[in-house]
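Protein sequence lines, in the order shown, are assigned to chains A and B. Each residue of the first sequence is one higher than the one before, starting from 259 at the first, in the working numbering. Each residue of the second sequence is one higher than the one before, starting from 259 at the first, in the working numbering.
Calculated directly from the structure, the hints in this document are not laboratory data. Please note that the accuracy of each hint is not assured.
Intra- or inter-copy, both count: the list cannot distinguish identical chains.
Said to hold, decoys possible - Here are the simulated lysine-lysine pairs, DSBU-like style, with alpha carbons at most 35 Å apart:
| id | residue 1 | residue 2 |
| --- | --- | --- |
| 1 | Lys438 | Lys362 |
| 2 | Lys362 | Lys304 |
| 3 | Lys438 | Lys392 |
| 4 | Lys304 | Lys392 |
| 5 | Lys362 | Lys392 |
| 6 | Lys438 | Lys304 |
| 7 | Lys392 | Lys264 |
| 8 | Lys264 | Lys304 |
No experiment lies behind these values; they were computed from the predicted model shown.
2 protein chains.
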Amino acid sequence: MRTRDKILQTALALFNESGEAGASLAQIAAEIDISEGNLWYHFRTKRELIAALFEELEQAIEHSQSHPPADPGNIVSYSDYPRHCFRTLWAFRFLYRARFDMVKERELAERRLAVTARVHHHIERLLREMVRNKLLDATPSEISELAATNFIITRYWLDYLQERYGLVQISEADLQSGVKQISALYRPYLSTIARGQIAEAALPGRKAARR
Amino acid sequence: MRTRDKILQTALALFNESGEAGASLAQIAAEIDISEGNLWYHFRTKRELIAALFEELEQAIEHSQSHPPADPGNIVSYSDYPRHCFRTLWAFRFLYRARFDMVKERELAERRLAVTARVHHHIERLLREMVRNKLLDATPSEISELAATNFIITRYWLDYLQERYGLVQISEADLQSGVKQISALYRPYLSTIARGQIAEAALPGRKAARR
Numbered sequence: 259m260r261t262r263d264k265i266l267q268t269a270l271a272l273f274n275e276s277g278e279a280g281a282s283l284a285q286i287a288a289e290i291d292i293s294e295g296n297l298w299y300h301f302r303t304k305r306e307l308i309a310a311l312f313e314e315l316e317q318a319i320e321h322s323q324s325h326p327p328a329d330p331g332n333i334v335s336y337s338d339y340p341r342h343c344f345r346t347l348w349a350f351r352f353l354y355r356a357r358f359d360m361v362k363e364r365e366l367a368e369r370r371l372a373v374t375a376r377v378h379h380h381i382e383r384l385l386r387e388m389v390r391n392k393l394l395d396a397t398p399s400e401i402s403e404l405a406a407t408n409f410i411i412t413r414y415w416l417d418y419l420q421e422r423y424g425l426v427q428i429s430e431a432d433l434q435s436g437v438k439q440i441s442a443l444y445r446p447y448l449s450t451i452a453r454g455q456i457a458e459a460a461l462p463g464r465k466a467a468r469r
Numbered sequence: 259m260r261t262r263d264k265i266l267q268t269a270l271a272l273f274n275e276s277g278e279a280g281a282s283l284a285q286i287a288a289e290i291d292i293s294e295g296n297l298w299y300h301f302r303t304k305r306e307l308i309a310a311l312f313e314e315l316e317q318a319i320e321h322s323q324s325h326p327p328a329d330p331g332n333i334v335s336y337s338d339y340p341r342h343c344f345r346t347l348w349a350f351r352f353l354y355r356a357r358f359d360m361v362k363e364r365e366l367a368e369r370r371l372a373v374t375a376r377v378h379h380h381i382e383r384l385l386r387e388m389v390r391n392k393l394l395d396a397t398p399s400e401i402s403e404l405a406a407t408n409f410i411i412t413r414y415w416l417d418y419l420q421e422r423y424g425l426v427q428i429s430e431a432d433l434q435s436g437v438k439q440i441s442a443l444y445r446p447y448l449s450t451i452a453r454g455q456i457a458e459a460a461l462p463g464r465k466a467a468r469r
């Protein structure tokens, strides 16, 4: 692995564990056994390092949005996106906990708002696609409401598990429960077609085939 | 105002503004123009001060749960509770942002979990009451799902506004939009009685009378 990538990976792990204030550049250098000078060659300040990690977050979000649902005509396909989101949120959780000051850290604060807006719009886009594919029966104003609640569940599900159950590590079951929580939101709006697809996906044979 | 209360109020304002790491005991003493010795007489450590603020949070939650809906037979009454919650969350926002370590700060971490559980249970209780009063038509498993999503919206609504719009101060309109977001969640489950009550409350004359 290139030194730069090793620095980023280690910094991300340390920041996730103890917050960005919890690890200095010197500690990061020590952790991967390089000199501080070597680390400084790649990142002059902690801010630079955090900005580079932020770019990785942006790329992860870009990537998860570039894949349309495998089968846009099947409601079950739409649960891939929240699952992706949960993984990204967990992988970069220190960035989601950080509060970037609009005055002192304007650039990161604005990029943070842009990330939120991008995920929000993608959820709305997916919802409109579900309506177009006759999976969901919702008016434009219901779509806005559902999108906001969907966003909130997606964004805060892992925080919620931590606050409610003291969760310290996430499992597949935690991601699955989040997907289930989002699905429950849509239940009253599902078309007969979508209900049939969900019932079919829940059959034991199908479930095994999906793994 | 008693010195102890003045210390608590000032500490809360400073911690809310810049996080608990952002203000020292010395700065708090300076802010209210008392000697550090005087402050130490009331609180020996920052931890003690934070524990006292935590107790105030617990009392605020206790207080908001001790008032049943003004008219349990009218769905409109049930929006008082989320409104209370939003105010409490905003007033003590630094405590909601803090992460108490289960090992190093076990007591506060456990009290934090207890606060979450208490609010969660209260929401479930209100939902069951709505069903009992024939305002909501939901099965026990739908009640659990709705309660969790209701909790998540209540808990994270203000965070969401900050992350989405860069909100720095809350207004009545922000609380109102949160109540609306929660109400939308229940719409598919409302009984005819409840729908009638909502329509009536929305009439211009009624609205004016409620202010």
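We went through each hint and held it up to the structure:
1. Within a single copy, Lys438 and Lys362 get their C-alpha atoms only as close as 39 Å, which misses the 35 Å cut-off; across copies the closest is 34 Å, which meets it.
2. In the homo-oligomer, the alpha carbons of Lys362 and Lys304 lie at most 35 Å apart both inside one protomer (15 Å) and across protomers (26 Å), since each shortest distance falls under that limit.
3. In this assembly of identical chains, Lys438 and Lys392 lie within 35 Å of each other by CA distance both inside one copy and across copies; the values are 21 Å within and 27 Å between.
4. In the homo-oligomer, the alpha carbons of Lys304 and Lys392 never lie at most 35 Å apart, since the shortest distance is 49 Å inside one protomer and 57 Å across protomers.
5. Proximity of Lys362 to Lys392 under the C-alpha cut-off of 35 Å is found in neither arrangement, the shortest distances being 47 Å within a copy and 52 Å between copies.
6. Taking identical chains as interchangeable, the C-alpha atoms of Lys438 and Lys304 are never at most 35 Å apart, the minima being 38 Å within one chain and 41 Å between chains.
7. In this assembly of identical chains, the alpha carbons of Lys392 and Lys264 never lie at most 35 Å apart, being 47 Å within a copy and 60 Å across copies at closest.
8. In this assembly of identical chains, Lys264 and Lys304 lie within 35 Å of each other by CA distance solely inside one copy; the values are 15 Å within and 37 Å between copies.
Consistency note: the structure conflicts with the earlier hints numbered 4, 5, 6, 7.
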